[in-house]
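Generate coordinates for the entire structure from the input sequences, incorporating the hints supplied.
First residue of the sequence shown: 53, per our numbering; consecutive thereafter.
Hints in this document: simulated from the structure, not taken from any laboratory. One or more hints might be untrue.
Unchecked claim - Label pairs and their in silico Cβ distance ranges:
(1) P117 with A97: 32 to 40 Å
(2) L98 with D126: 55 to 63 Å
(3) A80 with P104: 32 to 40 Å
A virtual CB, placed ideally from N, CA and C, is assigned to each residue, including glycine.
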Amino acid sequence: MESPGASTAERVRARVRIRRVSVPPPVAVGGFLLLLAAVFFGSYALGAAVGPVGAPTGSRSTPAPPPTPEPAHDPGAPHHGTHR
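This is how it looks when you write it as C-alpha cells:
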C-alpha cells in the first residue's frame, strides 16, 4: 500500500514497478522463437525434399572389401626406430 505522505513521483514509480512485473516478454524474444521455429521447419522440409545423403544401407549396398593382411614381421630384420 502507498503511504499517505508519499509524493506523486513515488506513487508513479510504485505503479510502474507493479506494471513491469505483469508485462509480457519483449517482442524480441517472440521474434527469436519465431525465427528458431522457421529454421527448424525449413531444415526439416529441406531434409524431406532431398532425402538421405549418406551411403546406402541395407541389402542393396555392396559389401566392404576385406581388409588387407599385415605383412609378417621378420624377427631377424633390423629395427628402424628407437626401441629400448
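Taking the earlier hints as the rules, which of them does this structure contradict? When the structure is compared with the hints, none of them turns out to be violated.
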